[in-house]
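> Sequence:
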Amino acid sequence: MRGRGWVVVGALAFASMGAVSPAKAQTGALVMTRGARTISAALARHRGWAAYDLRVLEGVGGSVTRQDDGATLVLFGDTLRFQDTSTYFETPRGVVQLAYPAYARDEAFFLPRSFFVDWLPARYGRWLGAGPNGKLVVRSVAAEPSGRRIVVLDPGHGGVDAGKVSASGVREKDVALAVARQLRRVLRSRGYTVYMTREADTLVALADRPRLANAWKGEEPAAMFVSIHANSHRQSAARGFETFFLSEARTEDERRVAEVENSAAQFEAEGSAEVDPIAQIAASLRNDFYQRASNDLAAVIQRNLAGVHPGPNRGVKQASFRVLVGALMPAVLVETAFLSNPREARLLGEGGFRTDVAEAVAEAIDAYFKGHEHLWVAQSE
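Letter by letter, the sequence shown follows residues 649 to 1029 of our numbering.
No lab work stands behind these hints, which were simulated from the structure alone.
All C-beta atoms, glycine included, are put in the ideal place defined by N, C-alpha and C.
Please note that a few of the clues may not be correct.
Pair by pair, the computed Cβ-Cβ distance ranges are [to be verified]:
1. K1018 <-> R693: 24 to 30 Å
2. V722 <-> R829: 51 to 57 Å
3. P990 <-> G807: 23 to 29 Å
4. K1018 <-> D766: 27 to 33 Å
5. G795 <-> S884: 45 to 51 Å
6. P960 <-> T850: 31 to 37 Å
7. Q745 <-> S884: 43 to 49 Å
8. G817 <-> A1015: 34 to 40 Å
9. G795 <-> A863: 16 to 22 Å
10. P740 <-> R714: 19 to 25 Å
11. R693 <-> A770: 21 to 27 Å
Kindly generate the complete structure, drawing on both the sequences and the hints.
This is the structure in structure tokens:
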């Protein structure tokens, strides 16, 4: 390819392969242009992030070989090895981290957009180049954000999984759904696009909840995931509210809460996806971007709940909640109050308190969106 034009090594499995006008390329497509000719690969959204089939590089002289657990690309004399579901790949110069995991789907193998439009031109700039005069230009046709603000609400537990149950019979699954419904009503009245992982007393697998959130988010940059729960402790005197974001637990209390909420997996059908929370944190957080954003969101929620909650502010905490793993957006888990505490259990059973909690969280979401415009710009660039 060094100054000789394109060498097509194999037929691509893309209907859009061939001479295509860049102006007619579909939104989100990967476009490789040289002179008057263009190769275009359609945008894939199977996992919630922008990705393209690695085989598009066959059109510029690459050779792709699929293995059961990954794929190998030979390009410009270099051999690159990718593993299914991994954020890392091997190059002759060492291991490189991807923004999001690579993944296989049928015969295709997908890599995140940043590999093609950022890493590839930077690594092979002397051959790919940029600009006119026959040099190859690699770009992605940007999707225009709609300007929507998306909030995915996740009422904890459901169906056969009641969650925690107070001595008086108040069930966590009912409290979580009631608060989420109230919160949805308030947010929609303020113009938000709101989705709920469950709208009735049904069981949804923990791993499926962030997957649903990613699908609803699509290519929109401004989105968040809020999981609603109620707390419990072996000591009935424990009370108050706390908000968690995804990271490794630092204290025994943080581990305790995560273990209790993660135990919901026991109700899932056999064959449900197993998730190693710590291993998946690195795969789902983009250079700590979402981790820092989630910490900020948790802090705003805590400040607002302090204005309506009679219990103590137990602060922002972190732990390995399975329900937060893989959410490609700021994601938090709110423990609204303690069902193991008789007074707070009574409050959780009252509509007025649940409404107060919902409105406080809505105010926090408002404040967060207004104060973090830089996050949405960073994601859409």
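> Can the suggested window of 27 to 33 Å be confirmed for the beta-carbon pair K1018 and D766?
30 Å, holds
> Does the beta carbon distance between P990 and G807 stay inside 23 to 29 Å, or does it fall outside?
Roughly 27 Å apart at Cβ, these two residues keep to the hinted range, so it holds.
> How does the Cβ-Cβ distance of Q745 and S884 compare with 43 to 49 Å: does it lie in that range?
46 Å, holds
> A range of 16 to 22 Å was offered for this pair. Does it hold for the Cβ distance of G795 and A863?
At 20 Å between Cβs, range holds.
> May I ask you to test the hint 31 to 37 Å on the CB atoms belonging to P960 and T850?
Because 34 Å falls inside the window, the suggested range holds.
> Could you check the hint for me, namely that K1018 and R693 are 24 to 30 Å apart, CB to CB?
Check passed, 28 Å falls within 24 to 30 Å.
> If you check the beta carbons of G817 and A1015, does the distance land in 34 to 40 Å?
35 Å, holds
> Given the range 19 to 25 Å, decide if the beta-carbon distance of P740 to R714 lies inside it.
For R714 against P740, whose Cβ atoms are near 20 Å apart, the range 19 to 25 Å holds.
> Given the hint of 21 to 27 Å, is the C-beta distance from R693 to A770 inside that range or not?
Taking Cβ atoms as reference, R693 and A770 lie about 25 Å apart, which means the hint holds.
> Taking the CB of V722 and the CB of R829, does the distance hold inside 51 to 57 Å?
54 Å, holds
> Should the hint that G795 and S884 are 45 to 51 Å apart at their CB atoms be regarded as holding?
Cβ of G795 to Cβ of S884: about 47 Å, so the range 45 to 51 Å holds.
Checked against the numbered hints above, the structure violates none of them.
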